[in-house]
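K.L.:
Respectively, the protein sequence lines represent chains U and G. The letter at position 272 of the first sequence is residue 272 when you use full-length UniProt numbering, and the numbering goes up by one with no holes. The letter at position 412 of the second sequence is residue 412 when you use full-length UniProt numbering, and the numbering goes up by one with no holes.
The set of hints was computed from the structure by calculation and includes no laboratory data. Please note: incorrect hints may appear among the correct ones.
The list cannot tell twin chains apart, which means a pair is met if one copy fits it or any two copies do.
[To be verified] With a straight-line cut-off of 30 angstroms between C-alpha atoms, the simulated BS3-like cross-links for lysine-lysine are: (1) Lys221 <-> Lys641; (2) Lys503 <-> Lys327; (3) Lys483 <-> Lys503; (4) Lys484 <-> Lys496; (5) Lys617 <-> Lys641; (6) Lys483 <-> Lys500.
One letter stands for each residue in the lines below.
Number of protein chains: 2
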Amino acid sequence: MRRSLFLQSPAQSSSPAAPSPEALSRLLYPAHRDLRARAFELLREPVFRLRYNETVAMERSRTTARIARVRQAGLLRDTVSRANEAGSRRYDVLIDVLALLDHSLEIRFGVNLGLFCATIRRLGSEEQYTHWLPRIEDGRDVGCFALTELGHGSNVRGIQTTARYLPDVQQFEIHTPHDLAQKFWIGAAAETANVAVVFAQLTVDAVHHGIHIFIVPLRNKHDMSLCDGITIADCGPKAGLNGVDNGRIWFDRVRVPRENMLSSMSSVSPDGRYSSSFTSPDARFGAQLAALTGGRVGIAFNAIEIALLGLTIAIRYSAKRRAFAPKKGAEEVPLLFYTSQQRLLMVPLATAFVYAFCARDLREMYYKSITTGSIGKDVHSLSAGYKAMFSWFMQDTLQKAREACGGQGYRSENRIAPIKADRDVMLTFEGANGVMLQQVAKVLLAELGAAAKNGGTYAKDSVVEALNTPPPPFPSGSCNSSKKLDQTFIYAALWKREDKLVKQLGERYGRMVRHWNGSAFQAWNDCLSVAEAAATAHMHRRMYDAHLVHVKHASVADAASGEALRLCGRVWAANTIASDESFLRLGCISAAQATDVVEQIDDLCKKMTSISEALLKGVGFPDHLLAPIAVDFVAHNARAKL
Amino acid sequence: MRRSLFLQSPAQSSSPAAPSPEALSRLLYPAHRDLRARAFELLREPVFRLRYNETVAMERSRTTARIARVRQAGLLRDTVSRANEAGSRRYDVLIDVLALLDHSLEIRFGVNLGLFCATIRRLGSEEQYTHWLPRIEDGRDVGCFALTELGHGSNVRGIQTTARYLPDVQQFEIHTPHDLAQKFWIGAAAETANVAVVFAQLTVDAVHHGIHIFIVPLRNKHDMSLCDGITIADCGPKAGLNGVDNGRIWFDRVRVPRENMLSSMSSVSPDGRYSSSFTSPDARFGAQLAALTGGRVGIAFNAIEIALLGLTIAIRYSAKRRAFAPKKGAEEVPLLFYTSQQRLLMVPLATAFVYAFCARDLREMYYKSITTGSIGKDVHSLSAGYKAMFSWFMQDTLQKAREACGGQGYRSENRIAPIKADRDVMLTFEGANGVMLQQVAKVLLAELGAAAKNGGTYAKDSVVEALNTPPPPFPSGSCNSSKKLDQTFIYAALWKREDKLVKQLGERYGRMVRHWNGSAFQAWNDCLSVAEAAATAHMHRRMYDAHLVHVKHASVADAASGEALRLCGRVWAANTIASDESFLRLGCISAAQATDVVEQIDDLCKKMTSISEALLKGVGFPDHLLAPIAVDFVAHNARAKL
Ligand SMILES: Cc1cc2nc3c(=O)[nH]c(=O)nc-3n(C[C@H](O)[C@H](O)[C@H](O)COP(=O)(O)OP(=O)(O)OC[C@H]3O[C@@H](n4cnc5c(N)ncnc54)[C@H](O)[C@@H]3O)c2cc1C
Ligand SMILES: Cc1cc2nc3c(=O)[nH]c(=O)nc-3n(C[C@H](O)[C@H](O)[C@H](O)COP(=O)(O)OP(=O)(O)OC[C@H]3O[C@@H](n4cnc5c(N)ncnc54)[C@H](O)[C@@H]3O)c2cc1C
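Extracted from the complex, chain U is given alone in its bound form (with noise of 0.2 angstroms):
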């Protein structure tokens, strides 16, 4: 990049120094760098050669490849198995970069290892994980995860698969009553998986239990064949993720040993008795659908991750390829050189600084839980959230990305468009987005609730507690704060909007509720509207206190880095406030102010050009996972290469 291309504009300050790529590249990947190198390195090998054109049954016998090489190279050993924090760290490591390469790769895994394995780690016992889990890490069994039913996705409590416990034979029996209870989309279940934990309704005795999970194998190892009562078909091409082989299960009176439901919690004696140290059927239905929270990190982590991935063959592209003069017979600039080229990739790199820390938060607020057994509030509002927004962020930022490159962003070699293909389900499972926010909200609306029932102030744990204190006010008539958008000026523009939304949420809900003559669910479905707002004003305010934490952070670890990430932070709250018109409609923010944060952006963006290749080193992905486009577009599409 030609630095003086990007540094020409009137009205600008001073740039920042550009950080140390060493320094960055340590705060973004602190641990195991050793493990993620020799994973970059594996995937220089032939078998992980980026390939298109390919159809579905190509697509996954390459996948299983690619699993098996992973495998012998001994990079799983001591990941799940160890069913610690310790070998979840690893294993983390090791998708995150597998991730960077194929999504099927990392899906395939991640229902396996993932799903599958954390479903038994924290509601089997400890005989079933110790059983379980090595047995899967070494590919001796191939677990999927069946809850989805064709009729039930995002409202899953309502799956309608049976299991009925036969006390005479201790045997419980799997049942799929009719098509809408078909387990449908399950990864691995249509050719790979031998084994599924299975979510079905519990009856023992003629009572009804609700939901519980079972293990049961559905095909014979030694050839693969169906197990006896089950039925399965192929979901079928996909827009993407075609190295997943999802199916569709029906159970026909499968019997299964007492011993396969998971037990750590709740349980059938021989002779029939249920038990469970749940007290209430939310608490344990909670519980169940813990591996699901841990798929959301695993979610709102990679979105980030491969949104970055697409800006770094964007933006390398974009340094390189020239369109336009500034007269007759001179050089054509870079299109990095054009505002417009900027604002469409600064916006999203400084955004995906801000967010990258705030999911590394999450992980490792995720970790702990691991260690302790149990999932706060906390970790459930931030990871239903965090997954929603930065897996829309992921696909927004690609879509620019793709754009940014014109035709050759729609070149599938050039990786942005095929790994939006790839990628788009991540808006949809473990949650769709949407739903994902109204869980958020109805955290707020639930603290809303406390507060009023305590003289209006939040409790000391609350997600909320930070609306308690109201930001200083700022000097009257001046905007300075705004002109130099300062750390008071968007704090307090984004904790007023939070502050608002939030207590419009519940002041509309109460009207509803009383307007339903009481219906929950009626007077909930005429507040989405301000509660997908509130919930989102509620995870920038958070993003920003969180931000703020790693900007004092980086600044100890390496000046210039502190000031990037502070740089990337102004870039992002200027675009957040420049994109919702609530911040001027609820008076969080004058006018005058507006328009002194919309001037800036072009500023702001210019700064961030001139520091983002040293941000994208930082970041630091090789050339073999990147395009053509972010290397040398004219010599790889020379003749002399045909």
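We have chain U already, so just place chain G with the ligands on it with the hints.
P.N.:
Chain G with the ligands only, in chain U's frame:
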């Protein structure tokens, strides 16, 4: 759809009567309804069955088979060979239907009967087009359009392929001087075309005359072997549109006869005298790209049809698919019950109805230009603006439709996701969307400059003439008009935003030109953000103008259709206002008015929901072009069907 479910809002006033699908259909598709019906019927044949899971080679040969069948069915007869408006109309009606099935099919016709023929028709002599058009129509030859090069896409004026006149032999020598000058992306060049219109820099007797167009044979027809001096490579797999064989072409001093230069407006005499009826190279270049304008008009039109296709699938599914029950044991509600789902799908549905009629206006204007032979400023700026805004709208809508269907939206057979991948290129080809909006903004800047010389008044035939007349002020202190979201309020809000942004653009540009010591190139680069905003605001106001005319027109045909269309306009306007902070920041509306607008959207979307079935029936896409989830997702996925 069960109406009762969508009509239970507190604040709600009465819903409009459902329009007559028949009347709506006649408004949307007034002409050649017989041909349209025949084309839909043809698509029932096996060769047109929707397929997924194919390699590039399979997709290409399937597309070729489909082309043959359309030709054989006689549907192409008397279209482009007529070289007149009547022929174009028939052609468009046919392609509009084929486009619903298969983007590749549309584009294979598009480069051949569209771009190739339109270029020869507009720029060739009568002899040239009477020779070529019938041969292309009946398939004796297949043409392609070779403009873009590896090094030059948006800046096509910079292409570097050369054409030198050799008076001794009365030939032109077409040459690719280096790899950046290879023709790139040429649709049909990789395998299927035997002839191209090639854009190249003409030199006659060492004098450079700028870009001219040459008919260049690529392949020998008897065996499709490459002609001497031609090298062709494949652009390879793409994110979609893989039925089109995009190719790269190098010319190695290829000779064509003097008669092969398109010569209606410029020619070279046998002895090498250059003459042209154009006074400036700018005017000539504009005329040369005329075929692209036709392409943009087509993209604008089809973007809306495709958005409606995605919406038809998602809305029909959402009316049937159920999730969550109001209370335990009660029946679950359809997705369309949720206000969030209504908003997700009804805002785009309303928008599509507003835009559909704008696109029809543009097409009519374009037909006129076929008769008059020249494309006015108005068609130029509208086609650029609509191309960009409608194709972005289409992708945004398909994404929403995909997400609205949850996991089912990710299955290929449900069409939305693969259509999205196929269509994404529409944001790039025939002019990258961002560059298109810049073209609109440049027209605005020019109008502003002309007005400055005219006491601040815009010219009578100017695209911003409406800005000469401010809308009437609201009665002071009253928000009634925003509460009712009436036409005066909407128009005033749109008008003010456009007026302010256009002025801001002019002001900023002036300031930047001074700052950059007169460099228009640098100055314009520092205006891109406000330029895009001004262009968007201008387009929105013009769309609304057009919409009001169409409401009147529709009301005459069918009162309920008029009412329905009026509702669509209000939903579109409310969403437009609520999506852009600049209405508030620039003082076009007050915070109280903004609140009125935002608070009405739910209610408006409920009303839309209640008439959505009738609206979709009016659009009338037949089931065989929809998807299993649009028909009966349970029966389709039954075990009995395995
Ligand atoms: C490729 C793929 C792989 C998968 N792998 C697995 C797997 O291995 N195991 C497994 O068990 N499952 C798996 N799933 C299923 C996945 O978890 C579900 O698709 C997801 O939970 C959404 O459910 P659904 O598809 O039924 O969508 P629906 O529940 O039908 O939702 C569709 C839309 O309606 C909206 N909606 C639903 N409820 C509400 C509401 N209350 N309020 C407002 N809007 C609402 C949603 O926002 C969504 O956009 C997979 C799915 C896919 C696509
Ligand atoms: C599938 C496909 C089929 C095609 N078919 C044909 C065909 O048959 N014949 C043919 O001749 N061509 C064809 N094209 C080429 C197409 O017209 C070009 O891709 C398009 O014009 C964009 O050019 P580009 O790809 O070089 O993008 P670039 O010019 O490199 O632009 C890339 C990005 O930079 C931005 N940018 C560029 N200039 C500026 C600026 N001045 N200010 C701000 N931003 C800027 C753009 O907005 C764009 O997003 C096809 C392309 C594709 C992908």
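K.L.:
Go through the numbered hints given earlier and state which of them the structure violates, listing their numbers in rising order.
P.N.:
Violated hints: none; all satisfied.
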